[in-house]
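The sequence shown lines up with residues 144 to 667 when you count with my numbering.
No lab work stands behind these hints, which were simulated from the structure alone.
All figures in this text were calculated on a predicted structure; none of them were measured in a lab.
A virtual CB, placed ideally from N, CA and C, is assigned to each residue, including glycine.
Hints are not guaranteed to be accurate.
Have a look at the derived ranges for each label pair, beta carbon to beta carbon [to be verified]:
1) Glu424 to Arg340: 25 to 35 Å
2) Thr505 to Arg241: 41 to 51 Å
3) Val665 to Ala630: 42 to 52 Å
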Amino acid sequence: MAGPEKEISTDSGIIIRPSYGPDDRTSDPPAPGAFPYTRGIYPTMYRGRRWTMRQYAGFSSAEESNARYRLLLSRGTTGLSVAFDLPTQLGLDSDDDRAFGEVGRVGVPVATLDDMRRLFDGIDQTAVTTSMTINAPAAILLLMYQIVAEERGGNAKALGGTIQNDILKEYAARGTFIFPPRPSMRLVTDTFAYCHRELPAWNTISVSGYHIREAGSSAAQEIAFTIANGLAYLDAAIAVGLGIDDVAPRMSFFFAAHSNLLEEVAKFRAARRLWATLVRERYAPKDPRSEMVRFHTQTGGVTLTAQQPLNNVVRVAYQALAAVLGGTQSLHTNGYDEALALPTEQAATLALRTQQVLSEETGVPDTADPLAGSYFVEALTNDVEAEARRWLKQIDDLGGAVAAIESGFVQGAIADNAYQREVARERGDEVVVGVNRYVDDHPTEVPLQRIDEDATRRQAERTAAYKANQNRAGVDASLAAVRTAAAGTENLLPVMKAALLHGATLGQLCDTLRAVFGIHRVTG
Numbered sequence: 144m145a146g147p148e149k150e151i152s153t154d155s156g157i158i159i160r161p162s163y164g165p166d167d168r169t170s171d172p173p174a175p176g177a178f179p180y181t182r183g184i185y186p187t188m189y190r191g192r193r194w195t196m197r198q199y200a201g202f203s204s205a206e207e208s209n210a211r212y213r214l215l216l217s218r219g220t221t222g223l224s225v226a227f228d229l230p231t232q233l234g235l236d237s238d239d240d241r242a243f244g245e246v247g248r249v250g251v252p253v254a255t256l257d258d259m260r261r262l263f264d265g266i267d268q269t270a271v272t273t274s275m276t277i278n279a280p281a282a283i284l285l286l287m288y289q290i291v292a293e294e295r296g297g298n299a300k301a302l303g304g305t306i307q308n309d310i311l312k313e314y315a316a317r318g319t320f321i322f323p324p325r326p327s328m329r330l331v332t333d334t335f336a337y338c339h340r341e342l343p344a345w346n347t348i349s350v351s352g353y354h355i356r357e358a359g360s361s362a363a364q365e366i367a368f369t370i371a372n373g374l375a376y377l378d379a380a381i382a383v384g385l386g387i388d389d390v391a392p393r394m395s396f397f398f399a400a401h402s403n404l405l406e407e408v409a410k411f412r413a414a415r416r417l418w419a420t421l422v423r424e425r426y427a428p429k430d431p432r433s434e435m436v437r438f439h440t441q442t443g444g445v446t447l448t449a450q451q452p453l454n455n456v457v458r459v460a461y462q463a464l465a466a467v468l469g470g471t472q473s474l475h476t477n478g479y480d481e482a483l484a485l486p487t488e489q490a491a492t493l494a495l496r497t498q499q500v501l502s503e504e505t506g507v508p509d510t511a512d513p514l515a516g517s518y519f520v521e522a523l524t525n526d527v528e529a530e531a532r533r534w535l536k537q538i539d540d541l542g543g544a545v546a547a548i549e550s551g552f553v554q555g556a557i558a559d560n561a562y563q564r565e566v567a568r569e570r571g572d573e574v575v576v577g578v579n580r581y582v583d584d585h586p587t588e589v590p591l592q593r594i595d596e597d598a599t600r601r602q603a604e605r606t607a608a609y610k611a612n613q614n615r616a617g618v619d620a621s622l623a624a625v626r627t628a629a630a631g632t633e634n635l636l637p638v639m640k641a642a643l644l645h646g647a648t649l650g651q652l653c654d655t656l657r658a659v660f661g662i663h664r665v666t667g
């Protein structure tokens, strides 16, 4: 006689029943393109325009990164995505002693305008959209990008792309912060105001759930904490005099796609509905774009395994399918070798081909929200939204996202979930193929991308030479203007742009801000 059936639940703690029926659908959602956008933000979705295939890349030098971007563009990618090295993310120049050993390791180093010029050499910035994964010094990298485009005759008002600029999730999940939360939020809102005037086509923030998920959150926590951060940015913008419709239409979101296919689809649908509903209730915007979640998706880096790395090809394909079934506007597919190193040219090309096969051969993009009406998907969408609302209420009760992060609530919730997931894997309750089940005693060897140590040395030397050739009087005067603006209430971006044009470096600007704002240290 069979024993009792084992209970099955998602990583959000949602119990999955053996079957679902008509009673599990509370109501049919509105059509695609209609509030609250459960089924997608556009009426025809991919029939009108495919998602942007945006492959994330950055290597030891601007030249090597530029070569990869050109390769991807030649093979059909439709958007660039820049990965910066850790010193750049932390506002350090490549020749800084604090950057030693990390220059060019996990992305491209950009310390000077010359670095940005080489990074986009031969690429028409007005003809391609560029996403830059940069947060604490996001405003400075954006200004560099703008200056380079303007030097080449480009119209800044036509520049399209995104800076991540999501500092709150750095405190909660990722750790590449520089300044304390409050002055960091000022940099974010200064960027909102500057771009509203100067770069109206630019997405000023990509509110990231991806890194929250990578740190160990559940699917429901991912959208709850992301939406809470998004609302905090809106509140901060309104507090400095910007209108909801000045800011929200240029906000985008960034989510992970993990391997529980149908929960991920439900998560994306629930995120759209939840954001639209909360923005309408709290801010009453006049522009419907303020209520729309436009989002980029990346397949789950943390799901990739060093064991049997070719299995990652299958994981990435299923995760990409979830993102497209869920209505993403932009997608990065990971290389199968990324648990071991930066992706090789072969791995990056196969990751792009994964998207192209999905787009051209599967029929999935032929209709909007193809899983709509599924008893299970509709019920799961409701369940994920309900669980996300439970987390949002706790954040609201603490005073909002900033207070919840400052108190450690968000970090603790993510850590608790990550611990429970790890325990489940150790017990074998959560299967990872090739790691805790179907283990192979003969490891699969794959070629790996190697760090160019000579390139990192040349980068530090080039940065030092750039500083040696500065007009010190002009740089010092421009940095003094930045210091004065930081101590007051003036928008920082125009004075930082002037400093860059005088030859100031990323590190010099960030050190000037450090002197006024201080630095954030984790305590407790």
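Going through the hints against the structure:
no.	hint	verdict
1	Glu424 to Arg340: 25 to 35 Å	holds, 29 Å
2	Thr505 to Arg241: 41 to 51 Å	holds, 48 Å
3	Val665 to Ala630: 42 to 52 Å	violated, 25 Å
Checked against the numbered hints given earlier, the structure breaks only hint 3 and satisfies all the rest.
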